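> Heads up: the protein sequence lines correspond to chains A and B, in order.
Count the first sequence with this note's numbering and you get residues 803 to 1231, in order.
Count the second sequence with this note's numbering and you get residues 63 to 428, in order.
Simulated from the structure, these hints should not be mistaken for lab results.
Since the structure is predicted, the reported quantities are computational estimates derived from the model, not experimental observations.
Careful, some of the hints might be misleading.
Said to hold, decoys possible - Ranges between beta-carbon positions, derived for each pair: (1) Y872(A) to G301(B): 54 to 62 Å; (2) Q266(B) to V1195(A): 49 to 57 Å; (3) Q1122(A) to V351(B): 33 to 41 Å; (4) S376(B) to E902(A): 42 to 50 Å; (5) E186(B) to Q1122(A): 30 to 38 Å; (6) P1011(A) to Q266(B): 44 to 52 Å; (7) A183(B) to T1182(A): 42 to 50 Å; (8) Q1122(A) to D418(B): 29 to 37 Å; (9) R859(A) to E186(B): 38 to 46 Å; (10) F165(B) to G1004(A): 25 to 33 Å; (11) V1115(A) to N283(B): 46 to 54 Å; (12) T1176(A) to K427(B): 13 to 21 Å; (13) D396(B) to G1004(A): 50 to 58 Å; (14) L1187(A) to K427(B): 25 to 33 Å.
Glycine included, every Cβ here is placed at the ideal spot set by N, Cα and C.
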Amino acid sequence: MHERLILVVYTVVNRPMNDWRRIVVHADMDAFYASVEQLDDPSLRGKPVLIGPNSYRGVVLTASYEARPYGVGSAMPVAEARRRCPDAIMVSPRIGRYQEISRQIMQIFTDFSPSVEALSLDEAFLEMSGSMHIFGSPERIGRKIKDAVLNATGLNISVGISGTKYVAKVASAHEKPNGLTVVPQSSAEAWLAPMPVSRLWGVGVKTAPRLHAIGLTTIGEVAAADLRFLVHHLGSQGAHFHALAQARDPRKVNRIKGARSLGSDRTLHKDISAREEIEIHLRRSAERIARRLRARDYMARGVRIRLKTNRFVLLSRQQQLSKPTDTADDFHVVARQLLDHLIGQGPFRLVGMAVFDLSWRHDPLQLDLFADGTIRKLETTMDKLAARFGRDVVIRARDLGRSGTVSGPGVNLDFLDEREGERVTRPER
Amino acid sequence: MKFSLNREALLRPLQQVSGVVERRQTLPVLANVLLQVSTDQLSMTGTDLEVELVGRVPLTGAEAGDITVPARKLMDICREIPDKAEIDFELSGSRLEIRSGRFRSTLSTLPAVDFPSVDRAAVELSSSFDSKAFKKLLDSTSFAMAQQDVRYFLNGMLIEVGEGMVKSVATDGHRLAMSQQTANTTNEGVKQVIVPRKGVLELQRLLNELEGDVDIAIGANHLCASSAEYTLTTKLVDGRFPEYERVIPKNGDKIVYADRQELRQALNRTAILSNEKFRGIRVNFSKGVIQLSANNPEQEEAEETVSVEYDGESLEIGFNVSYLQDVLGILESDKVRLTVHDANSSALVENPDDEDSVYVVMPMKL
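Given only the sequences and the hints, what does the whole structure look like? Please build it.
Right, dumping it as structure tokens:
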């Protein structure tokens, strides 16, 4: 009897809101780095601002909304961006500051939902299913999140809400900046229909022409297409696009704590091809990365190296480790093994390294029979020395006299986050 | 080159030899099997440059010759030919003709001279072992070998041959398995070699087939196992295996005796709700019982109490449950002895009636 009563109440509450059996929120800061700089420095407000290294060989990380009408966007070479928008003010990135604000934002998100999946410093999914009795309608949920972020940081965030991750993400970009778009599941397919296929998750510069070639230019056309036809032309991806186009996306919001990868790319001021020279960069990267990991209590279980040739071909190799680690020594050993596969395809203009598959140091940790912790002790001691006396106070004997080639004016582009196959320096919508 | 033989005589050795051939190769000829025919013997060789396996079959009235043909296709054809059928092979031009009954086919070939062989330095030690006993030696420890570990010397098995004994040791850094047995080896001192993972797996597969003795010969960079029908040669891993004796715990002061099957089944049940990524499980030792408990990120939980012989103080240790399951699956005894010290020290798992195999499992910090 008792159980039956509860069941009745449940159906009464939910029947008029059948559209919101699932509520997924995608929240994305507007021109994040640029907005932070404009917030901190009033003289930049209302002006075109480019965040990026002050070098003609680097790329723009973020362009403020004032700069965008000039056709300037993220990942554009700095030289090109300055040509298009000569009045733009170049500002060097302050990743530490962005991380600080990111932590505030993520904290706010967790006030709304226990399931927050951070995609990058300034972007996350929130699972809000069943929370209408706490926060009200989806519109009210979105408004509350926007207000909370604005009150805490002084910055605008765009929010999209729907019944799936995919539609929520499209919705958040729909009315940027400072947008709030709510798309009930029942009208999601129709809402997507007129959009170009490039808005399908996973359709990029390579796949879009393939869809055009088989006569599909809008998402609605993909939704209406025969599944077998799509699979025939695109393989299993075809089925995936078909489902997305029909607003079907069963993926759950995964609570991922913090970042997915951490690394640094360095565009060199002079192309190099000698193994020893590349290795020095990799070792320096390994040390930087390990230090940053330890500072955040992260461990990583994957290592990736990236080399860009002087003909702008980006080569990359990665390897999974048998268990997470946070020592530069481990990363460097793997990076050197990976380099074996790529060496000889140079000269290279960019050397990068990243670690991925991040976990907390406080996650369950398998103890090792042989590692006695000496290397980690050495490295944490060096961390302390660096913190007290500056980064270059200790240097590996091997690198004595070679540091000149390393700490030249090359541009170092540290990043904390990337989505699968995509950099944080992605083009913003 | 021309020879005939019965499908049954050919198929088993051909399957063994083809097993060594990798599906993806760096050289086209590595997809092939080398056929060397003399008047009274066919010898077939497959290799991936690290492991090489030769299988021999007696022939009568053959015409000699050497050639290589695609291993997988040859094996698939022979498998599909009816039981007990005679199969005729003849090299004509650059094709190998295969006939059986009304079936006829021609396979492409590559010259035998292009077929690479594994380097063998001078043999430094050779001895004969009972093949079933030697197989048991490998089977007792191979599960603990690392896989694609950065510490490449762990991606294999240490074989240690001393006077009158042979030992196998495998470890992935998280757990270690060691097994030894008496042997009629006569060398002085101790010879240690690391056999790569694939070499161990192929050797185990081969020993399944063998009856009687297997001859083991060890050189500076290879190990060779041979019988009348087969010769398996594997390169060795050039590296230093960690000092395994050092990590076999001596300070264990808390000793537990449990029924192996009962504990194993309880672990199997509890493991289902452990975190899929970390596989962590809590093991609580107290007087007369072990309590196992696990939970996953969905907050699903499992726990079970197992009666044991234990009279020490209470203690909780976290483990990767898979490592305990592996050991309890390999042991064959009714009882199992666990020796532990504290939550940060390695645990010893043994058959109480068999001093020859030792299993060490490092705990997990949960």
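> Does 54 to 62 Å hold as the CB distance between Y872(A) and G301(B), or does it fail?
Given a distance of about 58 Å, which is inside 54 to 62 Å, the answer is holds.
> Could you say whether the range 30 to 38 Å given as a hint is met by the Cβ separation of E186(B) and Q1122(A)?
37 Å, holds
> Given the range 13 to 21 Å, decide if the beta-carbon distance of T1176(A) to K427(B) lies inside it.
19 Å, holds
> Using the C-beta atoms of P1011(A) and Q266(B), is the stated range 44 to 52 Å upheld?
51 Å, holds
> Is the distance from the Cβ of Q266(B) to the Cβ of V1195(A) consistent with 49 to 57 Å?
53 Å, holds
> In this structure, is the beta-carbon distance linking D396(B) and G1004(A) contained in 50 to 58 Å?
Given range 50 to 58 Å: holds, Cβ gap about 55 Å.
> Just to be sure I understand the hint, the distance between the Cβ atoms of V1115(A) and N283(B) should be within 46 to 54 Å; is that true here?
Given a distance of about 38 Å, which is not inside 46 to 54 Å, the answer is violated.
> At the C-beta level, are L1187(A) and K427(B) separated by a distance inside 25 to 33 Å?
27 Å, holds
> Do the beta carbons of Q1122(A) and D418(B) sit within 29 to 37 Å of each other?
35 Å, holds
> Could you see if the CB distance from F165(B) to G1004(A) stays within 25 to 33 Å?
48 Å, violated
> Could you say whether the range 42 to 50 Å given as a hint is met by the Cβ separation of S376(B) and E902(A)?
45 Å, holds
> Measuring from beta carbon to beta carbon, are A183(B) and T1182(A) in 42 to 50 Å?
At 44 Å between Cβs, range holds.
Against the hints set out earlier in the document, violations occur for numbers 9, 10, 11.
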